[in-house]
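Novice: Place chain B on chain A using the hints.
Protein chains: 2
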Amino acid sequence: MKVSNADEAASSEVRMDGVTGTSIQWLASKTDGAPNFAMRRFTMAPGGTIPLHDHPWEHEIYILQGKGTALYGDRKVDIASGDVIFIPGNEPHGYINDGKEDLVFLCMIPNSGDPR
Amino acid sequence: MKVSNADEAASSEVRMDGVTGTSIQWLASKTDGAPNFAMRRFTMAPGGTIPLHDHPWEHEIYILQGKGTALYGDRKVDIASGDVIFIPGNEPHGYINDGKEDLVFLCMIPNSGDPR
Chain A
9 MKVSNADEAA
19 SSEVRMDGVT
29 GTSIQWLASK
39 TDGAPNFAMR
49 RFTMAPGGTI
59 PLHDHPWEHE
69 IYILQGKGTA
79 LYGDRKVDIA
89 SGDVIFIPGN
99 EPHGYINDGK
109 EDLVFLCMIP
119 NSGDPR
Chain B
9 MKVSNADEAA
19 SSEVRMDGVT
29 GTSIQWLASK
39 TDGAPNFAMR
49 RFTMAPGGTI
59 PLHDHPWEHE
69 IYILQGKGTA
79 LYGDRKVDIA
89 SGDVIFIPGN
99 EPHGYINDGK
109 EDLVFLCMIP
119 NSGDPR
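Residue numbers (the numbering used here), protein chains in the order written: chain A, 9 to 124; chain B, 9 to 124.
Hints were generated in silico from the structure; no laboratory data involved.
This one's a predicted model, so the numbers in the text were calculated from it and none came from an experiment.
Glycine included, C-beta positions come from ideal geometry on N, C-alpha and C.
Treat the hints with caution; some may be incorrect.
[As the list claims (entries may be wrong)] If you want the ones that stay clear, here's a sample from chain A, every Cβ over 10 Å from chain B, calculated:
#: 1; residue: M24
#: 2; residue: T30
#: 3; residue: I32
#: 4; residue: K75
#: 5; residue: E109
[Unchecked claim] Calculated cross-link-like contacts (lysine-lysine; reagent style DSSO-like; alpha-carbon spacing at most 30 Å):
#: 6; chain 1: A; residue 1: K84; chain 2: A; residue 2: K108
#: 7; chain 1: B; residue 1: K108; chain 2: B; residue 2: K84
#: 8; chain 1: B; residue 1: K38; chain 2: A; residue 2: K84
#: 9; chain 1: A; residue 1: K75; chain 2: B; residue 2: K108
#: 10; chain 1: A; residue 1: K108; chain 2: A; residue 2: K75
#: 11; chain 1: A; residue 1: K10; chain 2: A; residue 2: K38
#: 12; chain 1: A; residue 1: K108; chain 2: B; residue 2: K10
#: 13; chain 1: B; residue 1: K75; chain 2: A; residue 2: K75
#: 14; chain 1: B; residue 1: K84; chain 2: A; residue 2: K84
#: 15; chain 1: A; residue 1: K38; chain 2: B; residue 2: K108
#: 16; chain 1: A; residue 1: K75; chain 2: B; residue 2: K38
#: 17; chain 1: A; residue 1: K108; chain 2: B; residue 2: K75
[Said to hold, decoys possible] Output of the computed footprint for chain B on chain A, the stretches with three or more beta carbons under 8 Å from beta carbons of chain B:
#: 18; segment: 56-64
#: 19; segment: 78-88
The shape of chain A in the complex, shown without the other chains (with noise of 0.2 Å):
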């Protein structure tokens, strides 16, 4: 068993186009041992974004902080503090942190997706 606090665990800006004021902290993964998914944590400073992109993996989110926007093709939903988000392959999405506060969440991912 690995117990580790996530404050504590190395941040990165993500690079990715279109992407501002996100950080990325990966949690447990495969190079914890991790055989099957990834956690990871995003901070979302006010105004950041990550437009619209697709990949063939899901996403399961859990919002653990603030409140935004999530992007789904055309359509734009509200999201806060403990709403859970389910994404599947291949389908666009994207995020806005049109708040006040930093927006902070859990996002899971198969290892298919990690590209570490």
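Specialist: Chain B only, in chain A's frame:
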């Protein structure tokens, strides 16, 4: 994309030998179309216990609220909000809420561990 609020998810008592004061909510899983892994939220009342047990699948856990103790074979580890736990498959583990408020955590498992 499916957006829901975790507080509105169905909750049921965990019925396993020795478990007390513990409820589970399935937040995203194969019944939502999730192809690889499931996100559950556990709420353990003060005094609640999940005794040592093991199974072939791993856990990835994020503590949302409260304090408690994780059991890992002969070891005991303090856990609290913001902690991340990775438990490899087949390793004996359990949890005790020896705090004064609910101990609430997300626990992700591969679909191979979904008994439903």
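Novice: Now tell me if each hint is right for this structure.
Specialist: We went through each hint and held it up to the structure:
1. Listed as a non-interface residue, M24/A keeps its Cβ farther than 10 Å from every Cβ of chain B; the least gap is roughly 19 Å.
2. For T30/A, the shortest C-beta to C-beta distance to chain B comes to about 19 Å, beyond the 10 Å cut-off, and the non-interface label holds.
3. Against chain B, the non-interface label of I32/A holds: every CB pair exceeds 10 Å, the least being about 14 Å.
4. The Cβ of K75/A sits about 13 Å from the closest Cβ of chain B, beyond the 10 Å cut-off, so the non-interface label holds.
5. Even its closest Cβ contact with chain B, about 17 Å, leaves E109/A beyond 10 Å, as expected for a residue assigned away from the interface.
6. Annotation: proposed proximity of K84/A to K108/A holds, straight-line Cα distance about 18 Å (limit 30 Å).
7. For the suggested pair K108/B and K84/B, the alpha carbons sit about 18 Å apart, so the restraint of at most 30 Å is met.
8. Distance restraint check for K38/B and K84/A: the Cα-Cα separation of roughly 25 Å lies within the 30 Å cut-off, and the hinted pair is therefore satisfied.
9. For the suggested pair K75/A and K108/B, the alpha carbons sit about 29 Å apart, so the restraint of at most 30 Å is met.
10. For a cut-off of 30 Å, the pair hint linking K108/A to K75/A stands: about 8 Å separates their Cα positions.
11. About 13 Å separates the Cα atoms of K10/A and K38/A, which keeps this hinted pair within 30 Å; it holds.
12. Between the alpha carbons of K108/A and K10/B the distance comes to roughly 24 Å, so the proposed pair stays at or under 30 Å and holds.
13. As the CA atoms of K75/B and K75/A are separated by approximately 26 Å, the hinted pair is consistent with the 30 Å bound.
14. For the hint pairing K84/B with K84/A, the CA-to-CA distance comes to about 45 Å; that exceeds 30 Å, so the pair is violated.
15. Between the alpha carbons of K38/A and K108/B the distance comes to roughly 35 Å, so the proposed pair goes past 30 Å and is violated.
16. Note on K75/A and K38/B: the hinted pairing holds, with a Cα-Cα distance of about 27 Å set against a maximum of 30 Å.
17. A C-alpha spacing of about 29 Å is found between K108/A and K75/B, which places the hinted pair at or below 30 Å, so the restraint holds.
18. Only residues whose C-beta sits within less than 8 Å of a C-beta in chain B count toward coverage, and the segment 56-64 of chain A has 0 of them, not enough to reach three; the restraint is violated.
19. With a cut-off of 8 Å between beta carbons, the segment 78-88 of chain A has 5 residues touching chain B; three or more are needed, and the interface restraint holds.
Hint compliance for this structure: hints 14, 15 and 18 are broken, all remaining hints hold.
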